[in-house]
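J.: Listed below are the residues making up each chain.
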Amino acid sequence: MACQICEAINENKNILYKDEDIAIMIHNLPATFGHLKIYPVEHCTIIEQVPDKTVEKMFVTANKLSTLLFEAMNAQGTNILVQNGTAAGQTENHASIDIVARKEGDNINLQWAPLKLSEDEMSTALLKLTAFTKKMGFEEEKPEPVEIKDETEILSLTPEEENYLIKQLDRMP
Amino acid sequence: MPQPTEEELQSMSPEQLAELQKKNCIFCKIIKEEVPSKKVYDDDDCYCILDINPAAPGHVLILPREHYQIMPQIPEKLIGSMFKVSKAISQAQLKAFQAQGTSIFVANGVIAGQKAPHFMIHVFPRTEKDNIGMVLPQYKLTPEQLNDLKNVLQPGINRIFGVKTQPKPEPEQPPLPLPQSKEEPAMGVENIPEELFEPQPRKKETRKELPEEDFTEELTEQDIDLDKMRELYR
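Chains as they are written, first to last, in my numbering: chain A, 20 to 192; chain B, 1083 to 1316.
Don't read these hints as lab results, they were simulated from the structure.
Please note: incorrect hints may appear among the correct ones.
[Said to hold, decoys possible] What follows is a set of in silico ranges between Cβ atoms, one per label pair, in the way DEER data are often shown:
(1) T1224(B) x E158(A): 39 to 47 Å
(2) D139(A) x T1224(B): 52 to 60 Å
(3) N93(A) x T1224(B): 18 to 26 Å
The C-beta atom is built at its ideal place from N, Cα and C for all residues, glycine as well.
Put together the whole structure using the sequences plus the hints.
T.: Encoded structure:
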């Protein structure tokens, strides 16, 4: 499948850092001067498909990059944003985290007008959501497979070998 | 709790102020369950509630149990754990509200939209026509600007990941000529005066010393009551 991000990661295009799990790029259409992107190297369309371990690594990195933007770009604030799905403003076919350096008067509005919900509406939302959060599970780290040596091997000796072992026994005092 | 006056506030040290802020933090009170809230999920690291000023029904705040004002203060492990939860909450929202997407949002600093002195992650469900906004403008960078940005950020990123930049390969220097003359020989074993060698103790002696030391140490540590022991053996 042709994914522009996968292509860019493979070709090392505009990549600031890359390892086996994540890749960091400067956004080619930035919101401010200092807008970074973190992608999982493995192709995932939305963040739900990204393995937990990579998600953790991506956000730990996002925090470090946010600090870097404060230091290197003299940002006065940063936003860490995941636009998950086109309804949330996702523009690429590859899951990502945006880290945006913010300054006073940068004309970016990431604030929402708070809804006035009644107590009933809040309780309904809670019920709907907890029905799923109760079942929430996390991917447990799989232990490395341990190689178990096949012990039956010892039993299946060729006659010569068997003789050899018996001879050894004879020799023992 | 009596609130400190303006003068008292000004005379406080930053540590005292931080302590006061922690005491007054509404989110800490929610986590301690002194203030009622609509809890969605909690574990050892975090506490998730419904936002009372939601962008959409089902808007969740993920709070660390410990009071942290800003994100750089938070240990890596906790960040990983909290965002792992944010992914799971996002998944739950997609199912619970038949949402078409979710936004996971963090604001660092007042200018970025941080309103509370307790770090939090916002996760809320999105639909195509929800009018929530949160759209990032898109500007074009000139190749020069891109290059400038790269030059500013690359050293920091290399430092974060411990990437060692490869220095330009230096021209190979001819091997140093070996000293040919034997008039000034380098310090070798044969040139060290014999007085410097101290006679080494025999192995037997060292072995004798060691267990004795260990033994006395053990005795003092365990504090054995000799009288009691004597009675036991009678």
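J.: For each hint, tell me whether it holds in the structure or not.
T.: Now for the hints, and whether the structure bears them out:
1. T1224(B) x E158(A): 39 to 47 Å: 43 Å, holds
2. D139(A) x T1224(B): 52 to 60 Å: Holds - the Cβ-Cβ distance for D139(A) and T1224(B), about 54 Å, lies within 52 to 60 Å.
3. N93(A) x T1224(B): 18 to 26 Å: 21 Å, holds
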